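Using the sequences and the hints given, assemble the complete structure.
Residue 61 in the working numbering sits at position 61 of the sequence shown; the count goes up by one each step and never skips.
FYI, nobody ran anything at the bench for these hints, they're computed from the structure. Fair warning: this is a prediction, and the values are worked out from it, not measured in the lab. Even for Gly, the Cβ is constructed at its ideal location relative to N, Cα and C. Please note that the accuracy of each hint is not assured.
Stated by the list, open to error - Okay, derived cross-link-like pairs now, EDC-like style, lysine to aspartate or glutamate, Cα gap no bigger than 16 angstroms in a straight line:
hint, residue 1, residue 2
1, Lys62, Glu9
2, Lys2, Glu179
3, Lys62, Glu116
What the hints assert, rightly or not - Just the calculated beta-carbon pair ranges, DEER-fashion:
hint, residue 1, residue 2, range
4, Leu158, Gly213, 38 to 48 angstroms
5, Pro231, Ser16, 55 to 65 angstroms
6, Pro36, Leu135, 14 to 24 angstroms
7, Glu148, Ser222, 47 to 57 angstroms
8, Glu150, Thr212, 48 to 58 angstroms
9, Asp111, Leu86, 17 to 27 angstroms
10, Glu148, Glu53, 49 to 59 angstroms
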Amino acid sequence: MKASPADQEQLLRLQSLDTRLAQLAHRLGSLPQAAPLADLAARDTSVRGTRAEAFGRLEDAKAELARLESDVAVVEARIARDTDRLQHTSSVKDVAALESELASLAKRRSDLEDQELVVMERVEETEVAVDSIDLQRAAIVAEVASLEAERDEAAGGLTVERDQTERDRAVVAGGVPAELLAFYEQRRTRGGGVGAALLRQRTCGGCTITLTGSDLEAVRRSAPDDVVQCPECDRILVRTDESGL
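Next up, the structure:
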């Protein structure tokens with residue numbers, strides 16, 4: 001890969017900003033509130049899962065109750081119809097048949113109403129469970145808000161510095177050719193957050209290995225616009241007047 005020495009030196013500025021962002025992220029993540037906030041996030045996830053299960057049971061119970069209410073309505077309609085027919089028939093045979101059916105329908109309605117009571121109790125119990133879970137979530141949300149306020153106060157100027165550093169990084173990254181920037185990001189991901197390092201006095205600033213022998217000679221022979229990499233850590237080596245070549 002080719003890139004002008006000036007563009008390669010911009011990688012050092014970019015690396016410096018990335019290193020600072022990593023340091024700020026570590027400091028922000030190490031605040032006293034970080035661990036309890038992580039615990040609360042885990043608790044909230046668990047509680048939300050429990051609520052989803054409880055809400056599912058509630059919806060099932062409500063659906064079952066609606067079905068039973070519908071069945072009761074159908075039975076009551078048939079009772080009303082048969083009662084009316086009974087009042088308007090003089091046939092002994094029809095009267096016997098209607099009275100038998102009405103007795104069966106009354107038994108059916110009684111059974112359905114007993115089932116309704118059982119399901120209604122289940123609905124009420126599940127609603128109480130869901131409400132209790134909602135109270136747990138509300139308590140978690142309130143605790144998170146309190147801890148976040150404490151964290152933000154404790155963070156002081158760290159977040160301000162982080163935001164400014166991110167803006168500075170965007171400006172610097174915007175001035176680096178796209179291909180070189182992509183290569184740097186690739187090296188940074190593989191290099192534990194370090195994608196480019198200054199070669200100072202023949203020593204790689206990334207892994208602190210001093211180049212000797214054929215490795216040093218290969219770097220010396222490279223053109224100024226060649227993008228070279230450390231033979232040891234594979235990071236981009238940026239050459240300047242300090243490189244001792």
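Now for the hints, and whether the structure bears them out:
1. About 68 angstroms separates the Cα atoms of Lys62 and Glu9, which puts this hinted pair outside 16 angstroms; it is violated.
2. Between the alpha carbons of Lys2 and Glu179 the distance comes to roughly 9 angstroms, so the proposed pair stays at or under 16 angstroms and holds.
3. Pair hint Lys62 plus Glu116 holds up; C-alpha atoms about 10 angstroms apart against a cutoff of 16 angstroms.
4. As the Cβ distance of Leu158 to Gly213 is approximately 45 angstroms, the hint placing it in 38 to 48 angstroms holds.
5. Between Pro231 and Ser16 the beta carbons are some 23 angstroms apart, a value that contradicts the proposed interval 55 to 65 angstroms.
6. In this structure, Pro36 and Leu135 meet the distance hint of 14 to 24 angstroms, their C-beta atoms being roughly 20 angstroms apart.
7. In this structure the supplied range 47 to 57 angstroms holds for Glu148 paired with Ser222, their Cβ-Cβ distance being about 51 angstroms.
8. Separation of Glu150 from Thr212 is about 53 angstroms and conforms to the stated range, judged on CB atoms against 48 to 58 angstroms.
9. For the pair Asp111 and Leu86, the beta carbons lie near 22 angstroms from each other, so the given range of 17 to 27 angstroms is met.
10. Take Glu148 and Glu53: their Cβ atoms lie about 28 angstroms apart, and the range 49 to 59 angstroms is violated.
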